[in-house]
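Peer 1: Going down the list, the sequences are from chains U and Y. Heads up: the first sequence at position 18 corresponds to 18 in this note's numbering, and the numbers run straight through without jumps. To convert, count from 1 in the second sequence and add 321; that's this note's numbering.
Hint data in this document are derived by calculation from the structure and do not stem from the laboratory. Here the structure is a predicted model, which means the values were calculated and not measured. We treat Cβ as the ideally placed atom computed from N, Cα and C, and that holds for glycine. Don't take each hint at face value.
[Stated by the list, open to error] Quick look at which bits of chain Y chain U covers, simulated, 3 or more residues with Cβ under 8 Å:
{"no.": "1", "stretch": "378-385"}
{"no.": "2", "stretch": "422-433"}
{"no.": "3", "stretch": "458-465"}
{"no.": "4", "stretch": "468-479"}
{"no.": "5", "stretch": "569-581"}
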Amino acid sequence: MRRTPFSLLLLASIAAAPSVAAQNAAPATQGEPRRSKEVPVIASGEWSGPRTADGQPDIAGFYSNTVGNHGNFTDPQAGPPGEASEAAKLPRDRRAPSRVSDPADGQIPYLPAARALQADFAKNFPNPTRPRYIEPLARCAPAGVPKSFMWHGFEVRQYPGVVLFLFDSGWRVVRLGDGPRLAPSIKLWNGASRGRWEGNTLVVEVTNNNGKALFGRYGDYMSENATVAERYVFDNNQKRFNYVATFTDPTVYARPWTATIPVRRYTAADEPDGWNFDVQKVNAPGQPLRYEHVERICAENNGPFGGGAVGVPSDGPVIAR
Amino acid sequence: MRQLKFLLATVSIALVPPAFADDRPVPPQAVPASTAIPRLASGKPDFSGIWQTLSEADYDLEPHAGRRDAPPGPGVVEGGTIPYLPGALAQRQDHFARRAKDDPRLKCWVLGVPRGVYYPAPFQIFQRDRDLTLVHQFGNQVRTIPTDGSLHPDADNDLFLGDSRGRWEGDTLVVDVTDFNEETWLDRAGNFHSDQLHVVERWSFVDKDTLSYSATLEDPRVFSKPWAVNVLLHRRRDRDFQLIEDYCYTLEYEHFYPHKDGK
Chain U
1 MRRTPFSLLL
11 LASIAAAPSV
21 AAQNAAPATQ
31 GEPRRSKEVP
41 VIASGEWSGP
51 RTADGQPDIA
61 GFYSNTVGNH
71 GNFTDPQAGP
81 PGEASEAAKL
91 PRDRRAPSRV
101 SDPADGQIPY
111 LPAARALQAD
121 FAKNFPNPTR
131 PRYIEPLARC
141 APAGVPKSFM
151 WHGFEVRQYP
161 GVVLFLFDSG
171 WRVVRLGDGP
181 RLAPSIKLWN
191 GASRGRWEGN
201 TLVVEVTNNN
211 GKALFGRYGD
221 YMSENATVAE
231 RYVFDNNQKR
241 FNYVATFTDP
251 TVYARPWTAT
261 IPVRRYTAAD
271 EPDGWNFDVQ
281 KVNAPGQPLR
291 YEHVERICAE
301 NNGPFGGGAV
311 GVPSDGPVIA
321 R
Chain Y
322 MRQLKFLLAT
332 VSIALVPPAF
342 ADDRPVPPQA
352 VPASTAIPRL
362 ASGKPDFSGI
372 WQTLSEADYD
382 LEPHAGRRDA
392 PPGPGVVEGG
402 TIPYLPGALA
412 QRQDHFARRA
422 KDDPRLKCWV
432 LGVPRGVYYP
442 APFQIFQRDR
452 DLTLVHQFGN
462 QVRTIPTDGS
472 LHPDADNDLF
482 LGDSRGRWEG
492 DTLVVDVTDF
502 NEETWLDRAG
512 NFHSDQLHVV
522 ERWSFVDKDT
532 LSYSATLEDP
542 RVFSKPWAVN
552 VLLHRRRDRD
562 FQLIEDYCYT
572 LEYEHFYPHK
582 DGK
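Extracted from the complex, chain U is given alone in its bound form (with noise of 0.2 Å):
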């Protein structure tokens, strides 16, 4: 009697399950809207949904931000510097609003310095005259925190201990628990991050920042002094998540201050648009349609682009090492 196999079967079959389950858990999203004003409100609480087999909430997937790219943080939907969005010329509440949530009156409390410098670079945006006044992200930059959830839609990958985040220019390795940290006077285009899941709610401290991605083409900004305390509160229609992140920089800002960004997830309901959904048909005949991102490249093709995103070709060596 061969009883190891058989455990050894047994074993492999039950563990397995909750991945296979998880791979179609995903609720059909193509009632979501792509792009919308509202911000809709996601409490902190338990989670209901499927859970990964070390016990995180199963939140793998596809995920775009709703309410408009970088182009402008606190009025999102009215455009870049010199590039007036058509919804520009609407009365503010017909736009989103903006995604600086706490103060109320949707404004990033900079200290007088801070907002000069931010000012200026709005102002020298659209014909930039400086290296300085060039959006990083034009360049290939990583977007950073928090502006990778304002560009391209990305991927949430999951792995015990572990959530990743795959995003158009650059990656986050987001470890769970207590662990090692990074010395301080390590600076990161992404920061250094340390999760863990309360409930329905993963939440992240970002340290390590070094503050050079900006938020978009306004300029908005961080220095390296700052820390980010991320919420990803995820609905549990396992449609959606917001993104709350709380800024302290003593260096820039006159007192902490929060930004929510709304974020809606995609799935093989939807048809890929290059953009939120920016992702291939899987080529596996006879299976049920699911989709994947295709590799990711920027410094390799940059060119310049339109709105003073100059692009910067680079021809030389950059390191000698």
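For this one, chain U is given, so just place chain Y on it according to the hints.
Peer 2: Chain Y alone, transformed into the frame defined by chain U:
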């Protein structure tokens, strides 16, 4: 779930001893912890972790003495040298002469496959039943190897990393990689390929902290026959080790940010 798995593990261990009573192969779970390889719950080898080569492959795949820009290396090409077609060999020699300026790595571009694997910087493998994700510390290189039975796309892609599709042959992950462009080099010595490159990789454990990696390359425009490289990949076990982003191509402009008064 955790409790259930623990219970099952207990049961399976309890059932193991009878298996030692004869000469049947020892199942993986019963191998002593010192030599057992990590496995997913599905039983497949679990390559999760941070890996890096100790080899000199990226300096020059072929045997070479030490020189100003490369430590000596015994070579990692099976048979010693790469079987170039005559015209391609001339191009390789031209690359070699211009390597200090033209190696795409100097611009921090995506290194391609297999170069990214034996480039001397760590990369982390994240693994699920349906795929492996390779996140390389250097540049912005993220590669997915699906292991879900999917095929290469019908569309003709022109990719730096190519399109990878994996399958298991026992405990060996075999990855078929196609749809390359011709932008990447194979090492710092100017070895190269065309967009006709086809790579077959084989990944397997030597022990729990060491991977055997081989890649067979065929390219009818550049090579006279298929050839292979073999390297070992070692688990980075330094205390508290983790990947530190190294986008690298940002270095030439990052000093402009964030805003600084008057600069």
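Peer 1: Does each hint fit the structure? Answer for all of them.
Peer 2: Hint check:
{"no.": "1", "hint": "378-385", "in the structure": "violated (count 0)"}
{"no.": "2", "hint": "422-433", "in the structure": "holds (count 7)"}
{"no.": "3", "hint": "458-465", "in the structure": "holds (count 5)"}
{"no.": "4", "hint": "468-479", "in the structure": "holds (count 9)"}
{"no.": "5", "hint": "569-581", "in the structure": "holds (count 12)"}
In the structure shown, a violation is registered for the earlier hint numbered 1 alone.
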